[in-house]
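Full structure from sequences and hints, please.
2 protein chains.
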Amino acid sequence: MHEQISHLGSLVGTWRGRGNGIYPTIPSFAYLEEVTFGHVGKPFLAYTQKTRDAETDLPLHAEAGYLRPDGVDRAEFVVAQPSGIVEVLHGSVSTADGLLTLQLTTSSVTVTNTAKEVTAVRRTLTVNGDEMAYQVDMAAVGQPMQRHLEATLLRVKT
Amino acid sequence: MHEQISHLGSLVGTWRGRGNGIYPTIPSFAYLEEVTFGHVGKPFLAYTQKTRDAETDLPLHAEAGYLRPDGVDRAEFVVAQPSGIVEVLHGSVSTADGLLTLQLTTSSVTVTNTAKEVTAVRRTLTVNGDEMAYQVDMAAVGQPMQRHLEATLLRVKT
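Chains as they are written, first to last, in our numbering: chain Y, 2 to 159; chain B, 2 to 159.
One or more of the hints may lead you astray.
Chain copies aren't distinguished; within one or between two, either way the pair holds.
What the hints assert, rightly or not - Subject to a maximum C-alpha distance of 27 Å in a straight line, what follows is the list of computed DSS-like cross-link-like pairs (lysine-lysine):
| no. | residue 1 | residue 2 |
| --- | --- | --- |
| 1 | Lys51 | Lys117 |
| 2 | Lys158 | Lys51 |
| 3 | Lys43 | Lys117 |
Derived by calculation from the structure, the hints in this document are not laboratory data. Here the structure is a predicted model, which means the values were calculated and not measured.
Here it is in structure tokens:
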């Protein structure tokens, strides 16, 4: 692993778990999720995410992107989504008390012509041993920033 | 496959081949590449790309994103790159003469704080049976739009 991402090493692996989605404009939903963070020896982590509906098992969401350290206490994150949305996020990295915590906020969200309007996204992610928890807050379709997703995952492969 | 992407079906699979990169600000380079286009029954294709240096075999570039049809003759493409760049592209889809041709141009390129400046990207991709060819033109780091990448790949898995 590249030394510039060694403090992010606890993210690496395949993670599986369950999450819940809420938003004023849609029915609430529960989902099953798989997340991967991988590296190829370069100073970034590759990220993929896929969810399925917890009831029907049908594919729900997906996203892919890359996490780039900016020193040891800041990070940048770029994410593309099949809903026609790309996010560029910046924020803090903390490794206090054996926990890894990322708190990232979009500096820009850009969407395709036919996508829904998303104004801003805040992503918080914590790794504690083999458990990952994240929350996603979102301002979209005229609604103010608020909780959209939260999930807890367990590492199933390193 | 979702009926809204059936005209893009010839993209689906794993593709391998070689490409060349040029740009006024960097030494020219040759690369080995693997591209995948996959689907999960929803109206988009998931895209991944990885390259390795043709001489050293070390990882070079990667990107991931999603291709979204807008009717049968237009498409949208969102791409994230580990270099801290996200692209949103729009353009045309042609299926004339048994060839599939995509001609996509960025409506926006957004970069992270520590990334290099990229102003615009033009991506042309043609599928002819089991052969894929693409060209990437780029305006970046003060240089005008010009050829950056071209590659020819063969389908190795459907």
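Each hint tested on the structure:
no. : hint           : in the structure
1   : Lys51 / Lys117 : within (20 Å within a copy, 29 Å between copies)
2   : Lys158 / Lys51 : both (16 Å within a copy, 22 Å between copies)
3   : Lys43 / Lys117 : between (34 Å within a copy, 17 Å between copies)
Violated hints for the displayed structure: none, as all numbered hints are satisfied.
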